[in-house]
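Each chain sits in its own coordinate frame; assemble them with the hints.
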Amino acid sequence: MEINIDGKECSTKIGETILQVAERNYIDIPTLCHNDSIKPYGVCRLCVVELEERGRTRIVTSCNYEILKDNLIVRADTERIINIRKMIIELLLARCPEVESLKRLAEEYGIEKITFKPENDDCILCGLCVRACSEVVGRSALGFSYRGTTREVGTPFFEQSSSCIGCGTCVQICPTHCITMEDKDGKRILKKWNTELELVKCKICGNYFVPDVQLNYITEITGIEKEKLNLCLDCRR
Amino acid sequence: MEKRVKLKSREELKNLRDSIIKNRDESIPCITVCLGTGCRAKGAEDVLNEFTRQIKNVDKAKITYRQTGCHGFCEKGPLVVIHPQKIFYQQVKTTDVEEIISETIINSKIVDRLLYIDPKTNEKILQENEIPFYKKQKRVVFANNGLIDPENINDYIALGGYSALSKVLFELKPDEIIDIIEESGLRGRGGGGFWAGSKWKYAKNAKGDRKYIIANGDEGDPGAFMDRSLMEGNPHSVLEGMIIAAYSISNAGEIPVEGYIYVRNEYPLAVKHLFLAIERAREYGLLGEDILGYKFNFDIRINRGGGAFVCGESSALFASIEGRAGEPRAKYVHATDRGLYDKPTNLNNVETYANVPIIINNGVDWYRSIGTENSKGTKIFSLVGKINNTGLVEVPMGITLREMIFGIGGGIQNNKRFKGVQTGGPSGGVIPESSLDLPVDFDELTKVGSMMGSGGMIVMDEDNCMVDIARYFLKFLEDESCGKCVPCREGIKRMKEILDDIVEGNAKMEELDLLENLASVVQDASLCQLGATAPNPVLSTIRYFKDEYITHIKDKKCPAGVCKALITYFITDNKCTGCGACVKVCPSGAILGEKKKPHKIDIDKCIKCGMCFDVCKFDAVIKE
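For the protein sequence lines, the chains are A and B, in the order given.
Counted from 1, the first sequence has number 87 at position 87 by our numbering; the numbering is strictly sequential.
For our numbering, count along the second sequence from 1 and bump the result up by 237.
The following block holds chain B by itself, in its conformation from the complex (with noise of 0.2 angstroms):
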């Protein structure tokens, strides 16, 4: 059992640290498991299970084991590294476990089958930094992730954690270090991209008798969970980040400063490891009073959020940590003036709040050097949707969008064609091949009508349709609404039903003009960001994929095979054996025909599933 001490110097901090390596014999085999939500989703925690059963009939001195946090090639796994020789072994079952053990552990032999194959080359790769999606990307809030166990404050202190804070408390005055992070040119990573630095500043100049130090992980995107595996994967750095942040805006205490995490009660085993992580916090001396034996006080609460997307907006988010209805109020007078309680509040993202130890030990210059003029530093982005390689990447800002889609991601499943990117989530557009050369940055993707928002970056093919997508994203924001202000309330719910008209094929080309109009009105004067940003993916469908919209309207055809009223699905004689295994699968029994002999489709009865498309062998029915 190692130890679990109150540290209250900095020299006790490093101390500790020292003693914990010098403990730890980095040279036998430790077999690591990715227990992050998608791999425990495949069946991680029974593949830990087992190790954890098998090892106990190997000499324990030769062998170590640990739980990590999200490695991110979600794709692959469940995910099992060995260490030191960082053996990288994907799709792990159960049944595998043994020969693991007995091959790679004992016998220090590869498990072949186990291997990643990049599918260019057909080679079989060893290590995770040398298998392509890593190898583009830049892992530096996610670095740790595979290395420590979430539950252990030691693994997070062993590699350096709370130096920095440690640093900011002995060697730095309240305004050199929000200096620093404003000369690092830290953005916001929540959507917003506001100057970290400036915020901090207008924090710590605010009047007030108390402030707040808060932390967004409401994370609500549909397709994005960079925040979950940061707040599961390696809590801590969220939680020094944020007492860096009270000790500045406080001016060291001299105003008393309280801090709160935003997480949403959907990502349960973040809720808990940031809960484990405060309480080994506290009782390491890291939170609370006189934090590292320095007269400063901060503690952090725990706040789940109540199954709203619109809570992710600040003051939504204030209100609803006060009790009140998560309704968002006009923002003319900041959060950093009057915020949670109508107090000074600083407000940041869980990932800006990740970024900042690593600002402070790695310095400035460091972190300047990576990222683009305006956008420095590295972003976590979730790639998702029709590519090969789906996960979680960590890249420098500045890649384009083709080297993450094809060179990280992949390319398209299946050998389809590229069609667009969604990024930004319902507040962001579609981005077409046209320009996927495009650097992403905070302000590259803006120019084009997205965002690059909080990171999701869904891919789409050939077989998804334009129009479909952002009826799908209006739907999404009319049913979070919160129904306060006419714009949003009223405009998203008529944008919707022209969508509705135009995907059933009941739309005149005038709705088109009507339905752009609508959604200028409803940017400019909603209430807050969730109803001004809502027309962004109807704009940008219509921007880039007019045709596409026309076709829905004069034709009343969907070319992507999407839209359920606009498609038919027949069967063609000439291939069709009648072996009746359509009719099997029809739900509605709208197929008929003699054994033996081509089949039909009532299209009355049809209801357009698909099913007797997806389970035809022939090739004999055709959806048009």
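Excised from the complex, chain A in its bound form (with noise of 0.2 angstroms):
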């Protein structure tokens, strides 16, 4: 089968998302809440292209459009696009004025300054800690609370989860930094998620290094005792 995508006749198999695509032909369209490992979820809507049916425009977001009929044609860089790209990273960076990674993308597309009262806030809702940590990790200590604009993500009730191993995969994923992840005195701390978790020291150099649940996790889901697992990975080698 074959996508046109910006003038660029591109072949793809039935059920590839347009963004899988584009990726593969080295077209850029940029995205904020997508990430390879977990299941789109398209939501901050950055990589929206416009989609020509039957002689018929619509928007789609390339990140979970699955192509399931031959010649469609996608174009990624109109000013239509282009206009509602700015939009978006205008509105978000409202939000959040500090994030490097939206000042990044401010600055690629011309904005220079806020349009809208700025707010104090280092979350764009993505939803990538959530995700990943459900989908990748298999825990689910995250989610989102309330709804509309005081929509938040964090953990049941905002306190420490029982399911949070400490493994660190939000604070890589999130795309603003908002997350930490620090060792003190024995114990992790997840200041964003009010979440302490005792360390285990590694019984050859006796250095803390990874949380007690964490341990136990990895002992659950590989059948591999607790006490194969407690050595860092500098004593592992």
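The hints are simulated quantities; they were obtained by calculation from the structure and are not laboratory data.
These numbers come from a predicted model, not from an experiment.
Note that the Cβ used here is the ideal one computed from N, Cα and C, for glycine as well.
Keep in mind that the hints are not guaranteed to be accurate.
With a Cα cut of at most 25 angstroms, we get these calculated DSS-like pairs of lysine-lysine [to be verified]:
hint, chain 1, residue 1, chain 2, residue 2
1, B, Lys745, A, Lys117
2, A, Lys117, B, Lys793
3, A, Lys117, B, Lys794
4, B, Lys373, B, Lys653
5, B, Lys323, B, Lys346
6, A, Lys117, B, Lys801
7, B, Lys845, B, Lys793
8, A, Lys69, B, Lys438
9, A, Lys13, B, Lys444
10, B, Lys259, B, Lys279
11, B, Lys444, A, Lys69
12, B, Lys712, B, Lys793
13, B, Lys330, B, Lys293
14, A, Lys113, B, Lys745
15, A, Lys39, B, Lys444
16, B, Lys712, A, Lys117
17, B, Lys568, A, Lys13
18, B, Lys845, B, Lys812
19, B, Lys791, B, Lys845
20, B, Lys299, B, Lys330
21, B, Lys783, B, Lys653
22, B, Lys783, B, Lys794
23, B, Lys791, A, Lys117
24, A, Lys69, A, Lys8
25, B, Lys568, A, Lys69
26, A, Lys86, B, Lys745
27, B, Lys251, B, Lys410
28, B, Lys834, B, Lys860
29, A, Lys39, B, Lys568
30, B, Lys404, B, Lys532
Okay, the calculated bits of chain B under chain A, using three or more residues with CB under 8 angstroms as the criterion [as the list claims (entries may be wrong)]:
hint, stretch
31, 704–717
32, 725–735
33, 750–758
Listed next, with one range per pair, are the computed distances between beta-carbon atoms [stated by the list, open to error]:
hint, chain 1, residue 1, chain 2, residue 2, range
34, A, Thr150, B, Arg575, 27 to 33 angstroms
35, A, Val171, B, Arg575, 51 to 57 angstroms
36, B, Asp536, A, Arg58, 35 to 41 angstroms
Structure, rendered in structure tokens:
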């Protein structure tokens, strides 16, 4: 099957997303809530493209639009699309004025100042942390609370979750770097999640290296005894 | 006590119908009292109880009574209609009951003062169908609302209920039924206007080991109560339509099929009547296994909403039923392929389903004779706002806005000037005077920047501020947004901020341009139709009432006298008698003055509540 993106004929398989095809063909479509390791969510709307079908154009998100028909025509670079992207960036920048990745996007799209009343948030509600914790780690320690303009990410009741294993996946995947993880005095602290986890010492070098609950989880899913696991990565070598 | 029986064949249904009709004497007086929510709010229950109490003293053979669903003329409730003469009594109080019984029932005399008076001719009108409010209507879906007790399935059966189902099961094949619905031109009544027949066809052809039929009774538009009255007043009509859909889409039961009615919890009477209707239908063998003796199984469950407007959106509705947070998802795959639990699902509004038995019973030609080229049939509207005749109206599509507002609606209250009519709820727009001769249907209103939507029609006069109206709808949608996608969550909030600036007199003209650009992005890039249609009220009011926006921005004035920050109340010396009536009602102690001398309002203390304006008998308080 073929799909035409910005004038370039690209080959595609049925069920692939427009974004997958674009990336493979070095066509740059910006994203914020997307990550190849997890299912697309389609909420930042930055990846929108114009899709032409039977003479009519509609706007779709390329991250989760599955290609099921042949010879679709996609435009990722029209004035309408650029205008949408600019506005999305402006809206997010107004919400989170200090976030580096947003400032970089703003510069790329020629946005010089924030048009709306700036707020002081650092989370863009992309949901990557929530989805990664659920789909990749399998713990689902994070979720969305409330709704609308008061929507927030966090653990249930914003208390330490018994599901959190302190793996740091959320820290790594967050595009605004608003999630921190620090090891201090034998504890792993994830301040944003009000979480403090007891660390375990390596049985050879004696350094704290991993939360106890994480070892329990690894034991649970691999069947390997805990005693065989409390070796830090350096000593394991 | 009338018969209740499990029907195991179409003959048994027909026999039951015949026996109910035979055992009811239509000639003896029957008092019907409207117990729709509107009339209940005005005390109709007490009126019915009074009738029940007093009828005990009358010979039972001479009189019956019945509670019914909403008659539609909510402005004039409580409504009581006496059969068989069809005498229409309005604004009935408990103190009127004795006279009605003694005069009308026993002595066959009319109680004149309870009749409707036509304000144009000052004529007293005897029968419902002669009243101007009803004359221009074509009550098809609501035809039986005033005649049946929604808690009594026998009433529905006596008037032909479930005969369409009987015909469908024993005379028609699934493809034939879908052809009929397609040919009829029935379009979704919930706002989307999608061709129902096509939807049924997609659902029938979709692959799945299980299919779902769902009725959307989540009616969330402010000011809309059409679906409420339908579910309260004639729940069986919805069930019958659903069973017919289930039979067609499951290919006569070849694929297992289940039904849900998603009804908002804020409609307790609708929930109650739907629940009762389902129980009765099961009892009568019209739901459950082997419906009417035919090898087809189908049952319906009720799912109550949790209070979110967004759950009226199909994918959010499915999420809600599944127990997940009511948030929409991308709709690139249609619900007819993957809907509830990822199975082929047919979702239609309750009013859409109620049209189905009517089409089956009366035929495609008859149905197509009503309405316009692309909008066949009737539509129920809630006609509310600054008009004389508030209520629910059912009209053939193609009737003009003018006929609805000035014909049926009786014109603007208090002889004020018409300013605009808001249609389609938060997804719609405001239509000005210049477009009053537009026919009302799915396509015409969309051309002028509004939409017919689910049927809400809010009439506004010179005392309504269009900027304030736009702000109102944005506030509503900001509250109801699920918050998942950026354009809706952040965009609507920022649009409302600009509107706040405008109504407070703090805006600059550049903000209008920003508002329009932001609006177009929210329209284009939102994940679901809540966001995508959110800019409509703003864009349509800017289109038709731009001067009003400019006056707010440049002159910092609100011509309609609504926006509090832009109005000032003051007392004119030469009219004020110093009576002190305003001082008594002022909540902030802002009015000062000596007795019998002209008073003065302290602008710094005035909170613009308008109480002094309302209470002054000398027109001395001016609002500017």
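Hints, one by one, checked against the model:
A distance of roughly 14 angstroms separates the Cα atoms of B/Lys745 and A/Lys117; the hinted pair therefore holds under the 25 angstroms criterion. A C-alpha spacing of about 21 angstroms is found between A/Lys117 and B/Lys793, which places the hinted pair at or below 25 angstroms, so the restraint holds. At roughly 24 angstroms between alpha-carbon atoms, A/Lys117 and B/Lys794 fall within 25 angstroms of each other, so this suggested pair holds. Restraint check for B/Lys373 and B/Lys653: the C-alpha separation of about 23 angstroms stays at or below 25 angstroms, so the hint holds.
Restraint check: the Cα-Cα separation between B/Lys323 and B/Lys346 comes to about 13 angstroms, which is no more than 25 angstroms; the hinted pair holds. The hinted pair formed by A/Lys117 and B/Lys801 meets the criterion: a straight-line CA distance of about 23 angstroms does not exceed 25 angstroms. Taking the CA atoms of B/Lys845 and B/Lys793, the gap is near 16 angstroms; set against the 25 angstroms cutoff, the hint holds. At roughly 20 angstroms between alpha-carbon atoms, A/Lys69 and B/Lys438 fall within 25 angstroms of each other, so this suggested pair holds.
For the hint linking A/Lys13 to B/Lys444, the alpha-carbon distance of about 22 angstroms falls within 25 angstroms, and the restraint holds. Our distance criterion of 25 angstroms between C-alpha atoms is broken by B/Lys259 and B/Lys279, whose separation comes to about 35 angstroms. Our distance criterion of 25 angstroms between C-alpha atoms is met by B/Lys444 and A/Lys69, whose separation comes to about 18 angstroms. Taken as a hint, the B/Lys712 and B/Lys793 pair is honoured in the structure, with Cα atoms around 21 angstroms apart against an allowance of 25 angstroms.
With a CA separation close to 19 angstroms, the supplied pair B/Lys330 and B/Lys293 stays within the 25 angstroms bound. The straight-line distance between the Cα atoms of A/Lys113 and B/Lys745 is roughly 17 angstroms, inside the 25 angstroms bound, and the hint therefore holds. About 24 angstroms separates the Cα atoms of A/Lys39 and B/Lys444, which keeps this hinted pair within 25 angstroms; it holds. For the hint pairing B/Lys712 with A/Lys117, the CA-to-CA distance comes to about 18 angstroms; that is within 25 angstroms, so the pair holds.
Of the pairs offered as hints, the one joining B/Lys568 and A/Lys13 holds, with about 21 angstroms between alpha carbons and a cut-off of 25 angstroms not exceeded. Annotation: proposed proximity of B/Lys845 to B/Lys812 holds, straight-line Cα distance about 20 angstroms (limit 25 angstroms). About 21 angstroms separates the Cα atoms of B/Lys791 and B/Lys845, which keeps this hinted pair within 25 angstroms; it holds. Restraint check for B/Lys299 and B/Lys330: the C-alpha separation of about 23 angstroms stays at or below 25 angstroms, so the hint holds.
Our distance criterion of 25 angstroms between C-alpha atoms is met by B/Lys783 and B/Lys653, whose separation comes to about 22 angstroms. Restraint check for B/Lys783 and B/Lys794: satisfied, since their Cα atoms lie roughly 14 angstroms apart, inside the 25 angstroms limit. The suggested pairing of B/Lys791 with A/Lys117 holds, with an alpha-carbon distance near 21 angstroms, which does not exceed 25 angstroms. A threshold of 25 angstroms between alpha carbons decides the hint, and for A/Lys69 with A/Lys8 the separation of about 17 angstroms falls inside it, so the pair holds.
This hinted pair checks out: B/Lys568 and A/Lys69 have alpha carbons roughly 16 angstroms apart, not beyond 25 angstroms. Restraint check for A/Lys86 and B/Lys745: satisfied, since their Cα atoms lie roughly 22 angstroms apart, inside the 25 angstroms limit. Under the criterion of a C-alpha separation no larger than 25 angstroms, the hint pairing B/Lys251 with B/Lys410 is consistent with the structure, at around 21 angstroms. For a cut-off of 25 angstroms, the pair hint linking B/Lys834 to B/Lys860 stands: about 20 angstroms separates their Cα positions.
Taking the CA atoms of A/Lys39 and B/Lys568, the gap is near 16 angstroms; set against the 25 angstroms cutoff, the hint holds. A distance of roughly 15 angstroms separates the Cα atoms of B/Lys404 and B/Lys532; the hinted pair therefore holds under the 25 angstroms criterion. With a threshold of 8 angstroms between beta carbons, the proposed coverage of the stretch 704–717 of chain B by chain A holds, since 3 of its residues qualify and at least three are required. Under the rule that three or more residues need a Cβ within less than 8 angstroms of chain A, the assignment of the stretch 725–735 of chain B holds, with 6 such residues.
Look at the stretch 750–758 of chain B against chain A: 5 of its residues bring a Cβ nearer than 8 angstroms to a Cβ of that chain, three or more, so the hint holds. Judged by the Cβ atoms, the range 27 to 33 angstroms given for A/Thr150 and B/Arg575 holds: they are separated by roughly 31 angstroms. For A/Val171 paired with B/Arg575, a C-beta distance near 34 angstroms fails the hint of 51 to 57 angstroms. The hint said 35 to 41 angstroms for the Cβ distance between B/Asp536 and A/Arg58, and at roughly 38 angstroms that hint holds.
Figure legend: structure checked against the earlier numbered hints; hints not met, in rising order: 10 and 35.
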